[in-house]
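Engineer: Listed below are the residues making up each chain.
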Amino acid sequence: MAKKLDKVDVVVVGSGWAGGTVSAELSKAGYQVVMLERGKDQKRSDFIGVKDELRYTNRHEMIEKLTGDTITSRVALNDVALPVRLQKDMNTGTDLGGGSVHWAGSVYRWRSYDFEIRSKTIERYGEGKIPEGMQIRDWGITYDELEPYYDKWEKTAGISGEPDPLGDKRSNDYPNPPMLASPAIKLFKESAKEIGLHPYQMASGNMSQTYTNPDGETLNQCMFCAFCTMYGCDFSAKSDPLATVIPTAQKTGNCDIRTNSLVRRVLHKDGKATGVLYTDTRTGQEYEQPADVVVLAAFTFSNNRLLMLSDIGEMYNPETRKGTIGRNFTGQFNSTFLGATGFFNDKKFNYYMGAGGLGGALSDYDADLFDHSDLDFIHGGGIELRQYGDAAIKNNFVPKDTPSWGKEFKEKSLFYAYRTLTVWYSAAVMPWWHNYMDLDPTYKDEYGDPLLRITNKLTEQDKNIAKFGIEKCTEIVEAMGADIVEPDELPDQFDHTYNGMHYIGGVAMGEDPETSAVNNYLQMWDMENLFVVGGSALPHFSSHHPTPTIGALAYRAAEGIEKYLKEDGGMLAEAKTASVKV
Amino acid sequence: MANNQKPNNNSSGMSRRNFLKNSGLVAGGLLGGSLFGGLVTSQFQKGTKDESASNTKVQESFEARTFFSRNEDFDLLSAATERIFPEDEHGPGAIELGVPYFIDRQCSGDWGNNANDYMHGPFPTITKTEQYEEDGVNTEKVTSSTVVKVPAGTPSYQTKMTRGVFFLEGIRAMEQTSKEKFDDRFIKLEPEQQDEVLQMFESGEVQFSGVDSADFFSLLRQTTIEGVYADPVYGGNRNMEAWKMKEYPGPRMSFLNEIEEEDFIVMKPESLRNYQGH
Numbered sequence: 000m001a002k003k004l005d006k007v008d009v010v011v012v013g014s015g016w017a018g019g020t021v022s023a024e025l026s027k028a029g030y031q032v033v034m035l036e037r038g039k040d041q042k043r044s045d046f047i048g049v050k051d052e053l054r055y056t057n058r059h060e061m062i063e064k065l066t067g068d069t070i071t072s073r074v075a076l077n078d079v080a081l082p083v084r085l086q087k088d089m090n091t092g093t094d095l096g097g098g099s100v101h102w103a104g105s106v107y108r109w110r111s112y113d114f115e116i117r118s119k120t121i122e123r124y125g126e127g128k129i130p131e132g133m134q135i136r137d138w139g140i141t142y143d144e145l146e147p148y149y150d151k152w153e154k155t156a157g158i159s160g161e162p163d164p165l166g167d168k169r170s171n172d173y174p175n176p177p178m179l180a181s182p183a184i185k186l187f188k189e190s191a192k193e194i195g196l197h198p199y200q201m202a203s204g205n206m207s208q209t210y211t212n213p214d215g216e217t218l219n220q221c222m223f224c225a226f227c228t229m230y231g232c233d234f235s236a237k238s239d240p241l242a243t244v245i246p247t248a249q250k251t252g253n254c255d256i257r258t259n260s261l262v263r264r265v266l267h268k269d270g271k272a273t274g275v276l277y278t279d280t281r282t283g284q285e286y287e288q289p290a291d292v293v294v295l296a297a298f299t300f301s302n303n304r305l306l307m308l309s310d311i312g313e314m315y316n317p318e319t320r321k322g323t324i325g326r327n328f329t330g331q332f333n334s335t336f337l338g339a340t341g342f343f344n345d346k347k348f349n350y351y352m353g354a355g356g357l358g359g360a361l362s363d364y365d366a367d368l369f370d371h372s373d374l375d376f377i378h379g380g381g382i383e384l385r386q387y388g389d390a391a392i393k394n395n396f397v398p399k400d401t402p403s404w405g406k407e408f409k410e411k412s413l414f415y416a417y418r419t420l421t422v423w424y425s426a427a428v429m430p431w432w433h434n435y436m437d438l439d440p441t442y443k444d445e446y447g448d449p450l451l452r453i454t455n456k457l458t459e460q461d462k463n464i465a466k467f468g469i470e471k472c473t474e475i476v477e478a479m480g481a482d483i484v485e486p487d488e489l490p491d492q493f494d495h496t497y498n499g500m501h502y503i504g505g506v507a508m509g510e511d512p513e514t515s516a517v518n519n520y521l522q523m524w525d526m527e528n529l530f531v532v533g534g535s536a537l538p539h540f541s542s543h544h545p546t547p548t549i550g551a552l553a554y555r556a557a558e559g560i561e562k563y564l565k566e567d568g569g570m571l572a573e574a575k576t577a578s579v580k581v
Numbered sequence: 000m001a002n003n004q005k006p007n008n009n010s011s012g013m014s015r016r017n018f019l020k021n022s023g024l025v026a027g028g029l030l031g032g033s034l035f036g037g038l039v040t041s042q043f044q045k046g047t048k049d050e051s052a053s054n055t056k057v058q059e060s061f062e063a064r065t066f067f068s069r070n071e072d073f074d075l076l077s078a079a080t081e082r083i084f085p086e087d088e089h090g091p092g093a094i095e096l097g098v099p100y101f102i103d104r105q106c107s108g109d110w111g112n113n114a115n116d117y118m119h120g121p122f123p124t125i126t127k128t129e130q131y132e133e134d135g136v137n138t139e140k141v142t143s144s145t146v147v148k149v150p151a152g153t154p155s156y157q158t159k160m161t162r163g164v165f166f167l168e169g170i171r172a173m174e175q176t177s178k179e180k181f182d183d184r185f186i187k188l189e190p191e192q193q194d195e196v197l198q199m200f201e202s203g204e205v206q207f208s209g210v211d212s213a214d215f216f217s218l219l220r221q222t223t224i225e226g227v228y229a230d231p232v233y234g235g236n237r238n239m240e241a242w243k244m245k246e247y248p249g250p251r252m253s254f255l256n257e258i259e260e261e262d263f264i265v266m267k268p269e270s271l272r273n274y275q276g277h
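Here the protein sequences line up with chains A and B, keeping their order.
The numbers in the first sequence follow numbering that gives the first Met the number 0, run straight up by one, and end at 581.
The numbers in the second sequence follow numbering that gives the first Met the number 0, run straight up by one, and end at 277.
Be careful, since some hints might not be right.
PhoX-like, lysine-lysine: derived pairs with alpha carbons at most 25 Å apart [stated by the list, open to error]:
id, chain 1, residue 1, chain 2, residue 2
1, A, K268, A, K2
2, A, K346, B, K159
3, B, K187, A, K393
4, B, K159, A, K87
5, B, K159, A, K64
6, A, K347, B, K243
7, B, K267, A, K347
8, A, K406, B, K180
9, A, K443, B, K159
10, A, K346, B, K187
11, A, K87, A, K562
12, B, K243, A, K406
13, A, K87, A, K64
14, A, K27, A, K562
15, A, K411, B, K267
16, B, K159, A, K393
17, A, K411, B, K243
18, A, K3, A, K271
19, B, K187, A, K406
Calculated directly from the structure, the hints in this document are not laboratory data.
Computed from a prediction, not measured in an experiment: that's the story for all the values here.
Hey, can you work out the whole structure from these sequences and the hints?
Structural biologist: As structure tokens, then:
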């Protein structure tokens with residue numbers, strides 16, 4: 000029997016950048032907030048001394064355990080989906096601060112093209128450029144409208160960087176200067192410049208100097224120790240919710256953070272959310288937490304599954320292409336980070352050093368910054384050379400004709416350690432009618448609820464854009480003077496690995512309730528006091544990681560929730576009916 | 000030949016000669032770590048390693064099997080890891096690095112028991128791609144190199160076996176294959192013959208326990224590499240010998256002053272024990 004708790008103003012599900020930001024803003028504004036996190040409590044000092052590659056990178060210390068639940072996955076509608084069973088194939092974050100605590104820290108705003116992708120594509124190339132079944136649409140918000148929220152998030156997070164020479168208009172510089180450039184990054188930039196491209200130092204959530212954000216939270220300068228991705232920062236030099244929005248929420252005294260609290264249903268009555276039902280994962284005790292406003296700010300998979308299990312909104316049906324929940328599923332798959340690898344016989348780079356967001360980048364082949372008239376895809380990708388810093392298990396790169404074990408492997412893997420540089424193209428991924436999420440008919444979680452099922456197929460668009468990117472990266476690696484240049488191979492089909500952390504959509508924003516689930520304040524069209532914040536709101540996957548866009552939209556949502564609470568309800572944005580068929 | 004070297008299960012799995020040679024470093028590490036913390040430890044050790052090596056008595060090793068009950072399973076595993084990462088002019092191979100013990104420990108823990116993976120049924124019982132084709136299931140080729148992708152076109156590891164069980168079944172299938180093909184036990188074979196058995200497994204020629212041998216090989220290969228290069232705390236990479244071969248410095252506080260350096264910098268490796276400072 001669920002224990003009923005006292006009602007609060009707002010209950011927030013999830014504690015990453017999305018949930019953390021909303022909780023910080025609303026508790027600062029004086030509202031009583033309860034934040035629920037399924038994972039354990041943690042704090043920044045827990046990560047002192049964590050530089051253990053096997054434990055964190057190979058055994059996934061910070062990744063959600065799949066013991067109780069996972070997702071199932073298939074390629075096509077008539078396939079039988081099977082569970083993704085191993086943590087190494089399914090990397091989602093958990094614990095206080097969410098996946099953001101072990102992020103690399105790569106920071107890119109998405110492009111003005113993204114937010115009006117359908118209109119802008121049609122305007123430049125005509126309606127025929129968009130293939131049948133590609134469900135792109137304008138987002139119901141423009142880049143210029145979102146820009147102040149990007150700016151706010153970058154200041155909270157203390158981003159270090161310099162403007163992209165091909166970037167959209169910014170109201171301010173990044174709050175911190177760019178990171179130092181290593182010799183490998185200098186080589187990348189100089190070589191790219193020589194062939195007429197526009198490289199720059201990528202922006203990062205690793206701090207280039209000690210920084211105190213507008214909420215008074217302080218971050219240390221990054222030491223380039225190379226333990227970022229898959230690790231919490233040993234030195235508090237990486238921006239994450241534990242270092243920023245969570246302590247900001249805590250010090251207001253208005254935010255009650257409850258960890259080990261797995262939300263299993265959104266409760267609702269007469270078209271309004273009344274609270275959530277959650278289970279204490281340590282004791283099994285169920286609780287009912289009533290609230291005036293419910294905010295789902297968990298990972299994409301959980302946001303979608305919670306709505307489906309709670310019977311809120313209309314689930315997407317690929318046969319009729321109607322319904323919105325589960326629609327517009329995209330992510331970064333095995334077609335996303337392809338490029339070319341260079342092996343240098345006469346140069347050695349200090350590649351055991353690095354930082355998650357340390358790299359060179361260029362946008363010449365991004366978004367619609369180049370002419371697609373004669374190309375068989377839309378959108379583009381970012382090109383990067385990243386110096387994460389490789390530890391010893393990972394650093395086993397050998398040219399393709401080398402055996403993967405034995406004497407020759409040992410010889411070459413020792414020789415090419417620190418002589419191997421990769422340049423990749425992070426291609427954008429478009430939504431299609433046949434790629435979506437629903438509930439699995441067979442597999443269940445530890446409480447007996449159905450698992451989320453993902454149906455995802457690589458399309459010609461995905462293969463064509465990747466092929467283009469591989470060619471461009473190969474040109475750069477050749478210009479860098481590598482002795483052996485190896486372009487990546489194109490995959491035939493999706494390989495069911497979800498180890499890139501970035502999967503989005505399913506509760507996507509827009510201006511038409513027929514095709515979108517939330518408006519541009521991330522308020523549900525079907526339930527005005529339910530806000531669904533996070534990657535689930537993004538209608539397609541642009542050419543870079545989604546974190547800053549999730550952060551910006553979280554600030555936008557927080558503003559909307561405050562308005563909703565102040566003005567006593569109502570829809571915050573007006574629905575527009577379909578002017579185009581999708 | 001190093002590849003035929005039989006591990007000594009009563010002590011540490013590496014030869015006595017090497018054990019004596021390296022034990023000074025082990026003792027030095029323990030001594031430094033117990034007296035000082037953090038950076039102080041590292042500084043202290045740098046100055047005293049050689050001295051402590053010369054006047055410290057041999058440290059007894061307590062290394063033993065806790066997962067592989069049968070000697071013959073462990074012996075085969077050891078020989079196979081040595082073929083995957085052999086001793087050569089660059090330095091020690093898998094056996095001397097302690098990789099068999101690393102794998103033994105991994106198999107008995109959470110990872111070996113798939114404690115953090117989704118292991119609920121139903122498990123599909125058909126494993127051949129052709130059968131899926133007959134059933135009209137999508138079998139487009141995938142490029143994943145994941146363990147146990149049964150069959151092509153589905154998520155990996157659709158088996159009820161834990162990794163520990165998988166290791167036992169795989170090792171015994173290797174022994175069986177060795178006897179069938181060369182009429183002798185795997186550890187008695189010539190190195191080239193051992194390689195041939197490993198290649199048969201790598202190419203997926205052998206089927207056992209409803210899985211593909213290529214999946215077992217890929218698990219064996221990956222775990223061997225992990226044992227070679229993981230921090231010595233897990234039982235492999237003894238005395239950080241693999242890090243020395245790779246010129247990997249181990250966990251460090253800062254490279255702020257070196258990140259812009261043009262020349263490659265070789266540092267004496269330090270372990271997690273050093274880094275954590277106790």
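Engineer: Each hint: holds or not?
Structural biologist: Do the hints match the structure? See the list:
1. K268(A) / K2(A): 18 Å, holds
2. K346(A) / K159(B): Violated. K346(A) to K159(B) sits at ~47 Å, over the 25 Å cutoff.
3. K187(B) / K393(A): 33 Å, violated
4. K159(B) / K87(A): The given pair, whose Cα atoms are some 17 Å apart, holds under the 25 Å limit.
5. K159(B) / K64(A): Given pair K159(B), K64(A) holds - Cα atoms ~18 Å apart, limit 25 Å.
6. K347(A) / K243(B): Given pair K347(A), K243(B) holds - Cα atoms ~16 Å apart, limit 25 Å.
7. K267(B) / K347(A): OK: K267(B) and K347(A) at ~17 Å, within 25 Å.
8. K406(A) / K180(B): Given pair K406(A), K180(B) holds - Cα atoms ~23 Å apart, limit 25 Å.
9. K443(A) / K159(B): 16 Å, holds
10. K346(A) / K187(B): Between K346(A) and K187(B) the Cα gap is close to 43 Å, so the pair fails against 25 Å, i.e. violated.
11. K87(A) / K562(A): Outside the cut-off at roughly 42 Å; violated.
12. K243(B) / K406(A): Distance of about 18 Å is within 25 Å: holds.
13. K87(A) / K64(A): 10 Å, holds
14. K27(A) / K562(A): 14 Å, holds
15. K411(A) / K267(B): Holds, at about 22 Å.
16. K159(B) / K393(A): Roughly 28 Å between the alpha carbons, so the hint for K159(B) and K393(A) is violated.
17. K411(A) / K243(B): 16 Å, holds
18. K3(A) / K271(A): 18 Å, holds
19. K187(B) / K406(A): This hinted pair holds, its Cα atoms lying about 20 Å apart.
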